[in-house]
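*Asks:* Please dock the two separately framed chains into a single complex, following the hints provided.
The lines below spell out each chain.
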Amino acid sequence: MKMLINVPETVVADALRGMAAAHPELAVDVENRVIVRRDAPVAGKVALVSGGGSGHEPLHGGFVGPGMLSAACPGEVFTSPVPDQMVRAAAAVDSGAGVLFIVKNYTGDVLNFEMAAELAEDEGIQVAKVLVNDDVAVTDSLYTAGRRGTGATLFVEKIAGAAADEGQPLERVQSIARQVNENSRSFGVALSACTTPAKGTPTFDLPPGELELGIGIHGEPGRERRPMMTAREIADFSVNAVLDDLEPRNPVLVLVNGMGATPLLELYGYNAEVQRVLSERGVPVARTLVGNYVTSLDMAGASVTLCQIDEELLRLWDAPVSTPALRWGL
Amino acid sequence: MLDADFFRRWMTAAAASVDREAERLTALDSPIGDADHGSNLQRGFRAVTATLEKEAPDTPGAILQLAGRQLISTVGGASGPLYGTLLRRTGKALGDATEVTEQQLTDAVREGVDAVMALGGAAPGDKTMIDALVPAVDALATSFRAAAAAAEEGAVATIPLQARKGRASYLGERSIGHQDPGATSSALLIAALVEASGE
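One line per chain: the protein sequences are A and B, in this order. Position in the first sequence (from 1) plus 15 gives the number in this note's numbering. Position in the second sequence (from 1) plus 896 gives the number in this note's numbering.
Chain B on its own, in the form it takes in the complex (with noise of 0.2 angstroms):
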């Protein structure tokens, strides 16, 4: 079972390797993007951990849905509103259970990426952050280790794609060559569940 606290260790997982690994996240972003996606989800993510130590909320649910505020009012850009949709809208599929089983978690976060896709109207093969989401829920059953794993190769697989939604779009061919940034950073929040979890 997982409780509040792994919530908490996974968002302060995931904000401490947004931070180790911003700059990494702002050079994918200079070629197709605009050269910040580090530092407008380190702004975010340090603030979540700012919050969460604030206000301790004691449910995993509670725990999501503030990260995601937090986000959504910190943030900004298209990363604001979509990572702030995934956590609170997984936050909230877990309902107020103090705590939930891993099979609870891969369901809601399935819910919480779905609602990524309809807010950002993204599909699987656009180059975005969905490319590494979608085979990390699929693989979440399995474990961390493989949701994991699945959302890194997601991620590497956005380099030969030409992207459809964002920015990035805009470059039509010229995106081709280079991984999304979304996609990188989104198998870093996955990779973060490995540690929270101890395994």
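So that you can see chain A by itself, here it is in the shape it has in the complex (with noise of 0.2 angstroms):
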């Protein structure tokens, strides 16, 4: 496997330094991993924190920014941070007003993540926490570490970085980002597995005629292999997924996400197979987002998230924004 890369010890390093220099709006601690948007701490705002193993980007570092993240901590890649970094970051841009930590529920995240939220405390930082779990694959959470939080961490991240922005106190932010995430589901496919530096050979075997259904974003084999369909059967199947589990009432904003590797020409194909169902469905679209937002290094294929939302989500949803991966209204 041919990759972009000096060794795959700094791999991480390497790419927070090329960030840096892209970058100079975010203050990029290369040594400690923390990413920090340049003018934290903001007086009176409560400030966004989340973090993540590497290799989904531009998910996390991609949407520090005016209207989103305040900071994010990238892990090794595929690995969640450690305390230290989310430590780090809450004390650089709590202004005072408290800090919502953003947690993927993957078992790692969600250990660190507490044991920082008890460190920041104990040093004055004022911390709550929401879980994002969307991932509709994963089914029973009686036997399972519970759902995966995957694409609609990008909608938390927007949307209550633009209630924060807009200085509302941290118990809201909470509970709006709350609010998002219990409308907001989603479904993956992949039909390449990736390949980690670390490892340098794919993380599993997929033959070329068939695909995984139901993955998640750090490389794992789905619930379910089947012979390689079209993007109108992957559509069909994707987005029933979602919606036997979400039944809006409301208008929906759509992420149409690729793992990586899937060239836009696909994902617009694709979104428009994933609108048609939705029209058959009778489901009404807010708005469409299509693009690589949460990535699984290599791997090709695509996740579709659904948010339902209401007049104030959809509010914060269009608040300007300005990050390097997410960037309107200003």
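In short, the hints are calculated from the structure, not lab data. A virtual CB, placed ideally from N, CA and C, is assigned to each residue, including glycine. Certain hints may be false.
Claimed, not checked - Partial selection, computed: residues in chain B whose CB lies under 10 angstroms from chain A:
no., residue
1, P927
2, G929
3, S935
4, V971
5, T1038
Said to hold, decoys possible - Reference listing, derived: stretches of chain A covered by chain B, where coverage requires no fewer than 3 residues with Cβ under 8 angstroms from a Cβ of chain B:
no., stretch
6, 93-107
7, 125-133
8, 159-166
9, 212-223
10, 230-242
*Replies:* Have a look at this one:
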């Protein structure tokens, strides 16, 4: 496997150095692995901190900036960051109004953020948390670690970020973030496995004529393998899986998200099929975002995330945002 | 009696064992996890040995607590908090005695394992490190060698289980037929006790 890297050990640090060079509006601490908006802490504003393994770019560092995250902590590839990073990030961005930790439901992320919250509170920082768990491919939390946090993370970070920018208090920002998560569902498919730099070979073996249904974002196989399907068939399967769980009564935000190696030509075509299914099921679409946002290294494939919204959430979604990967209204 | 030197040897032996077995741990983590268990633990235990050389705490409890803190600060993922908690709580239970008995160590490890179960919410049979650690604690009263054998058996016994915790749980029935990498690394940690004792 050929990769545009030096050695696996420095992949994350090298990427952070490059990110710093490309985005002088961010303060990137390469050694401690914390990405902070340069104007932080913003007086009177609740700060949003998220983080997770590297390999999901632009999540989360690409979403740091006005209107979205205050700071992000990238871990090793597909490994959650450590509490030290999160505490450092919280201390850098807290203006005294408190910090919201946005945590994807993966065991490592949950445990490390829990420890970080305790440590930050010891330092006098008020911390609230929101858990993102939107993946309908994981059904029964009695016998699993519970639904994974995937594409809805983008919706939570954007909408809660807008609420924080308006000066809403920590408790309110947290409850909006929870509302977004509770109203979001995702389903992902893989057309190829991904390759982590440390291992150097694909994380699982997927023959050319087959696809995985119900994948997460860490290169783990999904729940089911089938012969390759058309975009039309994949959209039918994925959107129906989401809608059977969500049953929205209001319009939805749509995220058609590439896993890293699927070109926009295919993603837009896939989006056409996603919109068709939504129309057939009578679900009105408020806004649609298509692109690579919550990726899984070089995996080919896509996920669909729907978020049922009301007028306030739509207003917050439309609010200006200025980050490396998401930017509008400014 | 077990003194500070014994606990230093334990941590050094565990680090060496993780170094030797890193590729196997990562290979076990590949089909049901994300292929980094070996490299993550290797990074953590290297930090442990480096810190122990620098700071040289002089009681068993202090050595384990320092090692636990290092793992939490360097490993990440679920392994960092879980292994970190195991060592920290075991160390805390040993208090500030300069020497401890094997019985005291057994009781302390049991407290550490209980803390890991409370943190991760896993029980025996969930296909996690607990499946190696619980039988190991039960056998510790007999001998280190018996504990190491029990841990190894416990790790192998995870093969037919369906994972109910951690990333492997997302695979449902497809997690059956693979040995749990966390149970495997836990068996290495217990086996390092044998090396440290020179048995």
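*Asks:* Going through the earlier hints one by one, which of them does the structure break, listed in rising order?
*Replies:* When the structure is compared with the hints, only number 5 turns out to be violated.
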